[in-house]
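As a plain string of letters, each chain reads:
2 protein chains.
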Amino acid sequence: MRRVDTSPAYRILDTDTVPAFIGSLPEIRALLGGPPESWLVHEVGDGNLNLVFIVRGLEGSSLCVKQALPYLRVAGSSWPMTLERAFFEASYYSAVAPYVGGLIPTIYHYDRELYCTVMECLSAHIILRQGLIAGRRYPNVARDVGEYIARASFFTSDFARPFEQKMDGIAVFARNKELVRITVDLVFCDPYRSSARNHHTSPHLDEVVAELRGDSRLKVAAAHFGMKFLNEAQALVHGDLHSGSVMVTEGNTRVIDPEFAFYGPIGFDLGAFLGNLLLSWYSQPGHATEQDNRVGYQHWILEQVEAFWDSFRSNFLALWAENAHGDALPTSMFTRPTETLTLESARNAFLDGLFADMLGFGACKMIRRIVGFAHVIDFDRIHDADVRARCEANALAMARALLSYPGQFCSIQDVIEAVPRMARH
Amino acid sequence: MRRVDTSPAYRILDTDTVPAFIGSLPEIRALLGGPPESWLVHEVGDGNLNLVFIVRGLEGSSLCVKQALPYLRVAGSSWPMTLERAFFEASYYSAVAPYVGGLIPTIYHYDRELYCTVMECLSAHIILRQGLIAGRRYPNVARDVGEYIARASFFTSDFARPFEQKMDGIAVFARNKELVRITVDLVFCDPYRSSARNHHTSPHLDEVVAELRGDSRLKVAAAHFGMKFLNEAQALVHGDLHSGSVMVTEGNTRVIDPEFAFYGPIGFDLGAFLGNLLLSWYSQPGHATEQDNRVGYQHWILEQVEAFWDSFRSNFLALWAENAHGDALPTSMFTRPTETLTLESARNAFLDGLFADMLGFGACKMIRRIVGFAHVIDFDRIHDADVRARCEANALAMARALLSYPGQFCSIQDVIEAVPRMARH
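First to last, the sequence lines map onto chains A and B.
Numbering-wise (this note's numbering), the first sequence opens with residue 1361 and increments by one.
Numbering-wise (this note's numbering), the second sequence opens with residue 1361 and increments by one.
Treat the hints as calculated values from the structure; they're not laboratory data.
We put the beta carbon where it would ideally sit given N, CA and C, even for glycine.
One or more hints might be untrue.
[Said to hold, decoys possible] Using C-beta positions, here's what the derived DEER-type ranges look like: (1) Ala1709/B with Thr1691/A: 33 to 41 Å; (2) Arg1541/A with Ala1380/B: 41 to 49 Å; (3) Asn1612/A with Ser1705/B: 48 to 56 Å; (4) Ser1692/A with Asp1528/B: 56 to 64 Å; (5) Ala1570/B with Ser1555/A: 56 to 64 Å; (6) Arg1541/A with Ser1454/B: 52 to 60 Å; (7) Gly1461/A with Glu1387/B: 20 to 28 Å.
[What the hints assert, rightly or not] On the chain B side, residues computed to face chain A include the following (Cβ under 10 Å): (8) Arg1433; (9) Ala1531; (10) Arg1573.
Generate the whole structure from the sequences, applying the supplied hints.
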């Protein structure tokens, strides 16, 4: 196995060695209470990519230890993967924590030699994607994630800060090449060409997939967003903000797993979340039961689509109104009384651009989950292949419309109205 | 004086110490021939920003030693400036040399401690701006600079190479913050707001300048290009490619002074050169004599505008046809026979975007040279303030049209036809 990079001190932790490691950190020791020997440690990760240990102290306090493994275990074989992703994850958390502290886990410690983060244990939370499959409603999540992206992106953009701070960040995250490579290949290229890594529900979707790979206009649009992804360093983005990177309880939301972080287009995070809400919508018939046909739940999802965009937009504009201390669109150029309106209209135009980006990136994220390498359990858990294929075909139709006819989607209402129209099967 | 950064070994060279320094480099020694004591050294720089020494060997060979000074001397006082600009200049040269070797000076050596570059001596060349003021014609220069920008930008973009190479470059040049700060302030902000650094031909242009600073639509357009400058890392750009950064003989062209280099929008280099050709056009009446009214020369300049864009465009497309090995718009997504046309049309659309960027950035560069801090000798050498002000007002009118009504300029022919129309005074 190729080991891309490990520090000489790197060693894989286990339930026996975790207490000694975190016991050496005074803050952690105080938090868990009692001697390290008294702590209970369980490994709860799936072991594909990271080790995840839950450590509990005697008095009920707990925390989570996440260590990167130097490979990704997929389909029985292993794919070497840089440990440095743990560093970028920790760097992202610490860059955005001042702005979105309540919406990420509390980070207690990052160890550069072990590529290991000690963080708050979210034992009451579940992965949003699981909740969406189960048909559960989380009244705050869409608004929270909208606010999250607004805050994390606004404050790391040139609207909020002197550009030098962004350039400092860019210099750091420009090294996160291995994970960006995954996105470039798996999101923007492979789905649109032949690749041994691609798969789809077959033979049901064979024709639809062939049609997609033959749709030159669609591919140019996808390539356009691939180019934007590589060129447009608007802000620090999470880079993988789908419903599997959001943990929820009834009232609480946390964004996790930002190892794909880099300076990129804000619309990429918006699109990841939107696209995965839409995938969930299209997957719902596959999760219908006699007790619940999921039609009401689909309505709820579309309400979340609207709440998500409205929350992002209004939060971003509100932050901008109060914190325009950066070099992009500087207020010092617009100081006459009437120019309040000028600024407002320029800001609205910028948000319109983000809206269009959200739809384009969202569509790319949807397509790759149906015809690319890594699929989503929203569809994979639908055991009846006929039903699954119908759900997937509808989602693909929506994604293709978003990419091919962007002019038809001028508002979030246009999107919401189109979603059921594309469920023709 | 604040010294931002100097290595402990940094010392300011002089004509006495240069021979010992370069004499220690075998390649240089062989090139100049004879013992270092026999070399003739002259300091020829203006001492404002860099020291420039010409060193001649006994047999007529020569080279140039350029050392950065830790300040910029302006208007009698001094402005501390990072020595690291010499590093970025050397890094830029070495990044683009494989692609534009014949169009930059040959670089023999860069010394990281002395912030000093040893390079080919261009003693037969003069600065293009000087030639334009003198009314001299250089048949190749526009085509050469067009080809230069095409090659330097194409090969450092994601069209030519795996994106990882661009990210490596971005990590390096993201540290060139002090020079990028100068551009952000002096090109995109100060001209459009009150600043002690601004000046203009007064009182002649007072009214025009007040009108410009009150033109909200124009300022939003300028701010839009300022944002693009900060966000759009398309390729490694020179960052200051005006007619003072080009050296010429009758048949030879060299691009110099790339210390503002960073990963940014390709249109920024295009606009710098175009904008300065247009400034030259508008300045010509100020250099007219009884023997030469410069009308014919103005025609020649407009021919160069066309040749420049045509050369850039055709070279960029030709390179793309042969070297599309990158991750942006990958050919592997467009392999069916009919998709040759698809790719061609997508590439043309990208070039149309660069054209629009060139006009916008060009206009910003023109405006800042008339109402901002650093002016150009094309105008400053016009001693009659009335004549100078008329020339400047015309150039400003053109720049404002380019920024405010981009829809009126769909081709380089549209630009060429508009130029004389704006010379109403």
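How the hints compare with the structure:
Between Ala1709/B and Thr1691/A the C-beta distance comes to about 34 Å, which sits within the given range of 33 to 41 Å. The hint said 41 to 49 Å for the Cβ distance between Arg1541/A and Ala1380/B, and at roughly 48 Å that hint holds. At roughly 49 Å, the beta-carbon separation of Asn1612/A and Ser1705/B lies within the given 48 to 56 Å, and the hint holds. Between Ser1692/A and Asp1528/B, the C-beta spacing of about 35 Å breaks the proposed range 56 to 64 Å.
Our hint of 56 to 64 Å for Ala1570/B and Ser1555/A holds, since their Cβ atoms are close to 60 Å apart. Against the hinted window of 52 to 60 Å, the Cβ-Cβ separation of Arg1541/A and Ser1454/B comes to about 25 Å, which falls outside the hint. A beta carbon spacing of about 56 Å between Gly1461/A and Glu1387/B contradicts the range 20 to 28 Å that was offered as a hint. Interface hint status for Arg1433/B: violated, as the beta-carbon distance to the closest one in chain A is roughly 24 Å, over 10 Å.
The restraint placing Ala1531/B at the interface with chain A holds, with a minimum CB-CB distance near 4 Å, inside the 10 Å limit. Among the interface hints, the one on Arg1573/B holds; its C-beta lies about 9 Å from the nearest C-beta in chain A, closer than the 10 Å criterion.
Hints 4, 6, 7 and 8 from the list above are not met by this structure, while the remaining hints are.
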